[in-house]
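To convert, take the position in the sequence shown, counting from 1, and add 183; that gives this note's numbering.
Check before you lean on any hint, since a few could be wrong.
[Stated by the list, open to error] Think about it this way: if two alpha-carbon atoms lie no more than 30 Å apart in a straight line, the pair counts; the simulated DSS-like pairs of lysine-lysine are:
(1) LYS249 / LYS318
(2) LYS378 / LYS238
(3) LYS238 / LYS249
(4) LYS378 / LYS272
[What the hints assert, rightly or not] Label-pair distances were calculated between CB atoms; the ranges are:
(5) ILE344 / GLY287: 36 to 46 Å
(6) ILE373 / THR280: 10 to 20 Å
(7) ILE373 / GLY409: 36 to 46 Å
(8) ALA374 / LEU259: 46 to 56 Å
(9) SER351 / LEU453: 19 to 29 Å
Hints were generated in silico from the structure; no laboratory data involved. Please read these numbers as outputs of a predicted model, since none were measured by experiment. Heads up, the beta-carbon is just placed ideally off N, CA and C, and yes, glycines get one too.
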Amino acid sequence: MIIGLTIVAMGSSAPEIMVAATASLNGNTDTAVGNALGSNITNIALVLGLTALFKPLSIASSTLKKEMPVLLLVTLLAVYFLSDFLLLKVEGIILITLFFVVIGGLTWMSFHMEKDDLLQSETENEIPSGVPTSKAVMWLVVGLILLPLSAHFMVDSAEVIARHFGLSELVIGLTIIAIGTSLPELAACIAGVLKNEDDLALGNIIGSNIFNLLAVLAMPGLIAPGLIDENAASRDSYVMLGLTGLLIIFSFNFKRSRRINRTEGFCLILCFCAYQFLLFS
184 MIIGLTIVAM GSSAPEIMVA ATASLNGNTD TAVGNALGSN ITNIALVLGL TALFKPLSIA
244 SSTLKKEMPV LLLVTLLAVY FLSDFLLLKV EGIILITLFF VVIGGLTWMS FHMEKDDLLQ
304 SETENEIPSG VPTSKAVMWL VVGLILLPLS AHFMVDSAEV IARHFGLSEL VIGLTIIAIG
364 TSLPELAACI AGVLKNEDDL ALGNIIGSNI FNLLAVLAMP GLIAPGLIDE NAASRDSYVM
424 LGLTGLLIIF SFNFKRSRRI NRTEGFCLIL CFCAYQFLLF S
């Protein structure tokens with residue numbers, strides 16, 4: 184369970200981390216920042232919206248109630264760090280340190296969670312059993328080889344598209360790259376609701392967004408600190424904060440039946456479409 188929680192938590196944000204690191208190494212800080220913010224916006228507005236349209240999400244696990252405040256605090260911290268139009272190395276160090284603190288917290292929780300905790304049992308069910316160690320190692324090596332190659336290809340392709348259409352690096356990170364790296368979350372959420380594991384689907388979104396802001400946003404701070412596009416601080420970070428607040432309102436709306444229904448899912452998708460229109464208008 185400990186290994187499973189840690190690997191799943193880190194693995195869910197691995198594409199975003201690798202893309203952000205690759206973009207930062209290429210000097211494309213705004214692409215990396217846009218990827219972090221855009222992935223969180225896409226996860227809430229598009230992925231969660233489509234999932235709720237597909238099937239309303241019930242919210243029952245107490246674990247999710249603990250994760251929601253963490254997501255809000257991490258989001259507020261990211262907004263604060265970006266508010267001066269700078270992402271400093273010390274801020275990158277703080278974010279990546281908090282990332283490992285959260286990983287440690289997951290490990291601690293795996294020792295202390297109740298045996299009948301719904302999310303724990305769901306997570307355990309998601310971890311494959313009976314897979315030979317040699318096969319697992321083989322796929323791990325293949326993944327470690329393909330991940331940086333695919334990240335490099337995505338960043339290079341995004342640069343070509345940006346130059347061709349006259350788009351900024353930030354917008355490319357917020358849109359094409361963010362949507363591309365969020366597709367695994369969409370597949371995981373749909374698979375979760377098909378198995379009637381609504382908490383796992385919502386937990387995937389919350390966990391991914393927490394790790395995006397801690398690990399992904401840390402990459403440009405650590406590798407290429409400096410000035411960022413002012414729109415990232417004055418527009419996109421607040422869109423992310425607003426959608427996070429909307430997620431909390433929809434999740435804890437004090438109804439007897441706590442759930443994110445189809446109407447709320449449609450509202451999230453409308454927010455996503457309006458945001459895309461704002462970016463390209």
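**Message:** Can you tell me whether the CB distance of ILE373 to THR280 sits inside 10 to 20 Å?
**Reply:** Taking Cβ atoms as reference, ILE373 and THR280 lie about 34 Å apart, which means the hint is violated.
**Request:** Measure nothing beyond the straight line between the CA atoms of LYS238 and LYS249; if it is 30 Å or shorter, mark the hint as holding.
**Result:** Answer holds: LYS238 to LYS249 is near 24 Å, not above 30 Å.
**Item:** 46 to 56 Å as the expected CB spacing between LEU259 and ALA374, which holds or is violated
**Value:** Because 31 Å falls outside the window, the suggested range is violated.
**Message:** LYS378 and LYS272 were given as a pair; does the straight-line alpha-carbon distance stay at or below 30 Å?
**Reply:** Since the Cα atoms of LYS378 and LYS272 sit roughly 42 Å apart, the hinted pair is violated (cutoff 30 Å).
**Message:** I want to verify a distance hint. Is the separation of the beta carbons of ILE373 and GLY409 within 36 to 46 Å?
**Reply:** Taking Cβ atoms as reference, ILE373 and GLY409 lie about 39 Å apart, which means the hint holds.
**Prompt:** CB of ILE344 to CB of GLY287, is that within 36 to 46 Å?
**Reply:** 39 Å Cβ-Cβ, so the 36 to 46 Å window holds.
**Item:** 19 to 29 Å as the expected CB spacing between LEU453 and SER351, which holds or is violated
**Value:** Given range 19 to 29 Å: holds, Cβ gap about 25 Å.
**Item:** Pairwise hint evaluation, LYS318 against LYS249, where the allowed Cα distance is 30 Å at most
**Value:** violated (36 Å)
**Message:** Run the distance test for LYS378 versus LYS238: straight-line Cα separation, threshold 30 Å.
**Reply:** holds (11 Å)
In this structure, the hints that do not hold are numbers 1, 4, 6 and 8, in rising order.
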